[in-house]
Every structure is written in C-alpha cells, then in structure tokens.
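Q: Given next are the chains, with one letter for each unit.
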Amino acid sequence: MNNLEEKLWEYIDGRCTLDEQVAISALIAGDESVRLKYNQLLNFSQELSAMEIDEPPMAFTYNVMEAIRAEEARKPLTASINKRIIMGIAAFFVLTIFALLVYVAAGIHWSSVTLTSQIPSVSKLPEPNSFITRPVIMGFLFFDVVLGLFLIDTYLRRKKSTKQL
Amino acid sequence: MQSKLSDIELIEQTLAGNQSAYTDLVKRHQRFVFTLAMRFAKGREDAEEIAQDCFIKAYRSLASFQGQSKFSTWLYSIVYTTAMTFLRKKRVATDSIDDESIHIQVENHSGYDVNNAENKSKSFYLNQAIEQLLPDDAIIITLFYKGEQSLEEIGQALGMEANTVKVKLFRARQRLKEKLERNLKHEVKELI
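As you go down the protein sequences, you meet chains E and G in turn.
The first sequence maps to residues 37 to 201 in my numbering.
The second sequence maps to residues 39 to 230 in my numbering.
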C-alpha cells in the first residue's frame, strides 16, 4: 500500500488526527510532487462525490407497493390475528381451569379422604341450568351469527382482492 | 403544510398500519437502493428485481428494526445480502480478486467507444468504471460517496470491520483509477 497516497486519502476524507493534519498540510505546502498528487486525488474525490446516481423506472414505487399488497392479501387469516388476543384467550382458559381446581380442592375435607374414597359431595359444581337461560342462549346465537357474517365478509373481500391482483 | 417526516416517524406510521407512509419511505430511498442494486446486477431489469425484493423484505421485517442505526444503513445491509444471494443464484463469483477476469470480460464487451468520449459526461464514465469493479469495491465506493455513510456504517451494512472497509475503500479507489485510465487513456487527466 502506498503510504503517502494512503495518508493523502485520510487527509481528504477528514479522518486524520490534528497532528497528522498539520504534518500533511506542511508536506503539501512544501513539496511540489506531493501537492500535485494531493490535487489529483482531491479532484478525483470531488468527481466521485458529484457523480450522478441511477434512476429507477417510473412505476417502481407502485410495483413495490402492489407486491406488498398482494403479499398481504395472500396472508392466511390466522396470521393477521393479533397474538395478544390468542394469548388472552389461552390465559382465560388456563385461569378458568385453575380456578375450578382451586374451588374443588377447597371443598375437599382432606382429613376424611381415603385412597378409595370418592370426591366428597361438597365439591359439587355449580348447576349449569341456573345460568343457561333462554335470553343467554339467544344472545349467544346472535353473537355467533354476527361473527359468522363478519368472517364470510372478510373471506369474500380477500378472495376478491386476490383475483384483482 | 406538513413538515417532512423522518424515517423513524414513517416507520412508526407504517407499523401502525399506514401503508402510504411506507410508500414515502420507498420514494425516499429507491434511487439509492436501485443504484446499489445496479452495482451488483449490471442490468436494469435485474437491478429492479433486487431493489424491489429489498423493499419487500424491509417491509416484512420492519418491526425488527430497532433504530440503533440509521434506517438507510439497515436498508443497505438488506440490499447487500439480497444482492449477494442474487449473484450466488446467477453463479457469478464475487468475493475473490481472481474473478477480476470476469469483469474484464464484461468491460471488453460493453461496446465502449473511445472516440465518443468527449460527448459523454464525467459521471457517465465514473459510473461505467464503477460497474466494472468487483461488487464489493463498487458498493463501498457508492456507499461512501453517495450514500452519506461513514466507514463504520458501511462496515455495519456489509458485516465488516470499519478498518477492513477503510483498506477496501483505498484499494477500490486505486482500482477505479486504473479502470478509468484504461477506459479513457488521454481524457483521464481531466477526470482524475
């Protein structure tokens, strides 16, 4: 590697220490051949900085965004569901099962339990008929219908947008 | 009038679901990404494919951009890996100086006309000579002079140490001068 040329490039690129800068400045001022070399490299560097860059085709941005839209449309429905919702549902079920186990465990008289005994009658679960009433069932079915319509609509929209692309 | 949003602001808006913010990001960086792709592909169609692929990849992994570097540096690292994969697919060796012969072949078939030299701009000849360099050399010169990237940032984008980039830049400039001298002969004195 040419040591002088390397130093001159460092000087031109502004990557010298202050001491090196002073030393190279003095060298350029005092030596004609170094000055010539410096001017040559400086000119080359300026030409590189002023060089024009390429221009992509006019439709480039449009093509990129269309490709992204097509990719989004191809994504399965499950991928677009927020992971937090899935985690929330999972947490709900885990908590429910845990609460149920705690409830059952709390109702057991551990002192009277033998290895052959059945779970005591105290640990009876709440009666389902007490809260599954007609309005609750109707509300549940209505919610299901709305959810079904929403899913069908989403599916049809996706199908339509994929066809258009 | 709305002031020009920064890259980070546009990224935040894109992640919030505003796709037109990403359109602005693409518009802002497409020229340079395309230029970098041209340094590898040596043809506009291939370069367009690489550049488009880069923006799609960047969109997909936008959420993983942590803002520790400039968005441009992150984007250029995607350009580099995408272009290298592209080259590998095209079975063009890129990482050895021994492969210089391939590029000499390219320049010999580029239809260069010395007599027409004065009609062309300096920029044209520089770009032509850069295209004849090895991809690593070409991309380092382009990133340094046109990408507003420091040696450290170039190193980050290309997965190299800053010192390695410094040495590579020095050698790339020397090779570029040689190419210009070979291409332009007499006219080179005006250029370098």
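Just so you know, not all the hints are guaranteed correct.
DSSO-like cross-link-like pairs, simulated, lysine-lysine; straight-line CA separation at most 27 Å [stated by the list, open to error]:
#1 E:43 / G:80
#2 G:42 / G:215
#3 G:80 / G:127
#4 E:195 / G:95
#5 E:73 / G:95
#6 E:111 / G:184
#7 G:65 / G:223
#8 E:119 / E:195
#9 E:111 / G:80
#10 G:108 / G:128
#11 E:73 / G:80
#12 G:80 / G:65
#13 E:73 / G:127
Keep in mind that the hints were calculated from the coordinates and are not lab data.
Q: Which numbered conditions among the earlier hints are violated in the structure presented, ordered from lowest to highest?
A: Failing hints, ascending: 1, 2, 5, 6, 7, 9, 10, 11, 13.
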